[in-house]
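Residue strings, one per chain:
There are 2 protein chains.
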Amino acid sequence: MIHIAVLGYGTVGSGVVEVINTNHSSINKKAGEEINIKYVLDLRDFEGDPIQEKIVHDFNIILNDPEVKIVVEVMGGLEPAYTYTKQCLLAGKSVCTSNKELVAKHGAELLELAKERNINYLFEASCGGGIPIIRPLNSSLTADEIDEIAGILNGTTNYMLTKMATEGREYDDVLKEAQEKGYAERNPAADVEGYDACRKIAILSSLAFGRQVDFEDIYTEGITNITAADFKYAREMGKAIKLLGFSKKAGESFYAMVAPVLVDPTDPLYSVNGVFNAIFVHGNVLGDAMFYGRGAGKLPTASAVVSDVIDEAKHLHRSIMAFWSSHKLELTDISNSQRSFFVRAAGSLEEERARVEEIFGSVHFIRIPELEGEFGFTTGIMTEAEYAVRAERLGSVISRIRIRSI
Amino acid sequence: MIHIAVLGYGTVGSGVVEVINTNHSSINKKAGEEINIKYVLDLRDFEGDPIQEKIVHDFNIILNDPEVKIVVEVMGGLEPAYTYTKQCLLAGKSVCTSNKELVAKHGAELLELAKERNINYLFEASCGGGIPIIRPLNSSLTADEIDEIAGILNGTTNYMLTKMATEGREYDDVLKEAQEKGYAERNPAADVEGYDACRKIAILSSLAFGRQVDFEDIYTEGITNITAADFKYAREMGKAIKLLGFSKKAGESFYAMVAPVLVDPTDPLYSVNGVFNAIFVHGNVLGDAMFYGRGAGKLPTASAVVSDVIDEAKHLHRSIMAFWSSHKLELTDISNSQRSFFVRAAGSLEEERARVEEIFGSVHFIRIPELEGEFGFTTGIMTEAEYAVRAERLGSVISRIRIRSI
Numbered sequence: 001m002i003h004i005a006v007l008g009y010g011t012v013g014s015g016v017v018e019v020i021n022t023n024h025s026s027i028n029k030k031a032g033e034e035i036n037i038k039y040v041l042d043l044r045d046f047e048g049d050p051i052q053e054k055i056v057h058d059f060n061i062i063l064n065d066p067e068v069k070i071v072v073e074v075m076g077g078l079e080p081a082y083t084y085t086k087q088c089l090l091a092g093k094s095v096c097t098s099n100k101e102l103v104a105k106h107g108a109e110l111l112e113l114a115k116e117r118n119i120n121y122l123f124e125a126s127c128g129g130g131i132p133i134i135r136p137l138n139s140s141l142t143a144d145e146i147d148e149i150a151g152i153l154n155g156t157t158n159y160m161l162t163k164m165a166t167e168g169r170e171y172d173d174v175l176k177e178a179q180e181k182g183y184a185e186r187n188p189a190a191d192v193e194g195y196d197a198c199r200k201i202a203i204l205s206s207l208a209f210g211r212q213v214d215f216e217d218i219y220t221e222g223i224t225n226i227t228a229a230d231f232k233y234a235r236e237m238g239k240a241i242k243l244l245g246f247s248k249k250a251g252e253s254f255y256a257m258v259a260p261v262l263v264d265p266t267d268p269l270y271s272v273n274g275v276f277n278a279i280f281v282h283g284n285v286l287g288d289a290m291f292y293g294r295g296a297g298k299l300p301t302a303s304a305v306v307s308d309v310i311d312e313a314k315h316l317h318r319s320i321m322a323f324w325s326s327h328k329l330e331l332t333d334i335s336n337s338q339r340s341f342f343v344r345a346a347g348s349l350e351e352e353r354a355r356v357e358e359i360f361g362s363v364h365f366i367r368i369p370e371l372e373g374e375f376g377f378t379t380g381i382m383t384e385a386e387y388a389v390r391a392e393r394l395g396s397v398i399s400r401i402r403i404r405s406i
Numbered sequence: 001m002i003h004i005a006v007l008g009y010g011t012v013g014s015g016v017v018e019v020i021n022t023n024h025s026s027i028n029k030k031a032g033e034e035i036n037i038k039y040v041l042d043l044r045d046f047e048g049d050p051i052q053e054k055i056v057h058d059f060n061i062i063l064n065d066p067e068v069k070i071v072v073e074v075m076g077g078l079e080p081a082y083t084y085t086k087q088c089l090l091a092g093k094s095v096c097t098s099n100k101e102l103v104a105k106h107g108a109e110l111l112e113l114a115k116e117r118n119i120n121y122l123f124e125a126s127c128g129g130g131i132p133i134i135r136p137l138n139s140s141l142t143a144d145e146i147d148e149i150a151g152i153l154n155g156t157t158n159y160m161l162t163k164m165a166t167e168g169r170e171y172d173d174v175l176k177e178a179q180e181k182g183y184a185e186r187n188p189a190a191d192v193e194g195y196d197a198c199r200k201i202a203i204l205s206s207l208a209f210g211r212q213v214d215f216e217d218i219y220t221e222g223i224t225n226i227t228a229a230d231f232k233y234a235r236e237m238g239k240a241i242k243l244l245g246f247s248k249k250a251g252e253s254f255y256a257m258v259a260p261v262l263v264d265p266t267d268p269l270y271s272v273n274g275v276f277n278a279i280f281v282h283g284n285v286l287g288d289a290m291f292y293g294r295g296a297g298k299l300p301t302a303s304a305v306v307s308d309v310i311d312e313a314k315h316l317h318r319s320i321m322a323f324w325s326s327h328k329l330e331l332t333d334i335s336n337s338q339r340s341f342f343v344r345a346a347g348s349l350e351e352e353r354a355r356v357e358e359i360f361g362s363v364h365f366i367r368i369p370e371l372e373g374e375f376g377f378t379t380g381i382m383t384e385a386e387y388a389v390r391a392e393r394l395g396s397v398i399s400r401i402r403i404r405s406i
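Residue numbers (UniProt numbering), protein chains in the order written: chain A, 1 to 406; chain B, 1 to 406.
Simulated from the structure, these hints should not be mistaken for lab results. Only true hints are included.
If chains are identical, the list can't say which one is meant, so a pair holds when it fits in one copy or spans any two.
The calculated lysine-lysine pairs, modelled on DSS-like cross-linking and capped at a C-alpha distance of 25 Å, are:
#, residue 1, residue 2
1, K29, K248
2, K249, K29
3, K298, K29
4, K328, K29
5, K298, K176
6, K314, K29
7, K298, K249
8, K298, K54
9, K115, K314
10, K314, K38
11, K328, K248
12, K163, K181
13, K298, K105
14, K69, K314
15, K69, K29
16, K54, K69
17, K38, K54
Work out the full structure: start from the sequences and follow the hints.
Shown next as structure tokens:
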């Protein structure tokens, strides 16, 4: 029997308990031993709930119990999760987590601690919820050198963008609905400003490229400026607008970014709708691959956490995770990265056509009859810096959205 | 240094050599040791090609060399691949393969042989080419009980169906083009009759359900009867026609099938086009997940094979694959499985409407003006047996295509 402890009995923590109870026999068979939840750490009591007999309020009970071999950290946030995780690893206990903030900030250090002790720090649930992506990157796509990752990594914003696309509604309106349905927090900044996606693409990039990518270095733009009018143009162009976290190897340098992006129907990310997430990976020999599933939610996330518990139970004294070097990967400024842009400009297309073409060269114009006093166009491929200079010269840009090239 | 041998220098075999050469340093880093190709078994010689110095014509040189720890079987077909694989495993050499015929037929036995010796028999490339699916099923989706798998498992037929859908062309015409482009064999039966997809869904089902699913037991229907007219109806209904291999747990029993199926735009399989493959998996706690990528091709397939080589190099004396029991999983007859159907019937809709509704209950009619003397309708959900009885009673059925329910 392998004893485990769960830190935090919130949504994910209670999901972990539920998954272990529900699929008890198949989980034990796959782990090779019975998994027993010995403790659940929470500040609260749950009188009348069978979990109460496992509840402890003092982390040291778990830390000091040599029977506990695996600790599930599903508290979220940096502290006390960081301190607890470190103490567990130093005490020789494997840890698994859904905590993206912690993995993004201290992943390199915690992985190294685990490796030194031949134990494991696993975090399948930190990116893409239930979607298997960390383990495939670690142990399936090993023959490849990964040169691009692009993901729809936040279910809340994808739900909102899907609503805006299909129902023609405005941002504020769908945000309010998402909040009422419990998909978005009362303070939605982590989702809508792209901070959540930023941490996830930092983790995926660190793992794929083998060196620490600091999330603070990633250019991040949320969806707060996307409007119903943008979707009118998108529909006319036959494209979807998705909030993507992406990173790319360009020559010998790497860049990473979070931003709303126009994607084409031939792109596998195009039809990822609602609360679903998907992660696109390009390998130098594999070509394109994509992993799709539920990026959030109690049970899908718990499914990923429990798969880590099983892997740690099977490898109690063997480190299975490739660690990434804490030596930082310097990202290049995105101003050198190249793409085409969709631009909305004020004025009359008839009067402005020549000037736009003079500044941007050959473009494709789009006009939406009901949007008076403006027009849209898509540019050829240019660097972000070149775009900025030309947009400045044009002077009448209302907004621009990047276009994904595949 | 770990010495390996490659059996067969055909498309996949030469791809394996190319991938190992191309990504040499990252592969060695991930394997933890240098991977050296010591022998390549082939009947032919390759004078002038650097591979020639590794070519051997006698399998026993490989079998009897104790330095060779890993053997890559990429010969295809049952014999001599089966005999060679068995001999290698008995000699304590791990084997990895892309050979779906062999895995479908003898997988249970070969896995058990490997397990007894603490070595490995891996076959990531046998299903879905470069798509990581075997390893995720084995080590990622472990917290779940899988109750459904559905895959676009054959790139040739998906290419053909995509062409028929987008260009309105007839089956014979796109088959000829696929043959000219080298996507389809001169004898295309393995692809177009669904035999290839059948073996792949047998392997995936055996692994997901833990017991041997015999491919001979799987109801298999190919795409040879799909016509341009079917696609006219599909377009009118807003659906796509895909050749799916699928298996499902229904109550305590399981069924499996290969057939062309109408899929809805909300289905993640809907937008998997061209030579791409995708495998949809439903877990009881995870919900929906999908794995997408290149299902065939030299380098994507070789990428999957080499990921197995790396895993075997990392686990020279440790069996990492869940084996499935050779105890056969009895599939229930598909006549009890339930779904709705799209039916094309001869005659005039005006004259037949009442009789169709009398026999099938509430249906949805579809008429394509240019298709005279026939009409289409979609039924409610019923068993295959019920459908057969009613179709018999109607008497005027031209064809029927199953509709996937999600």
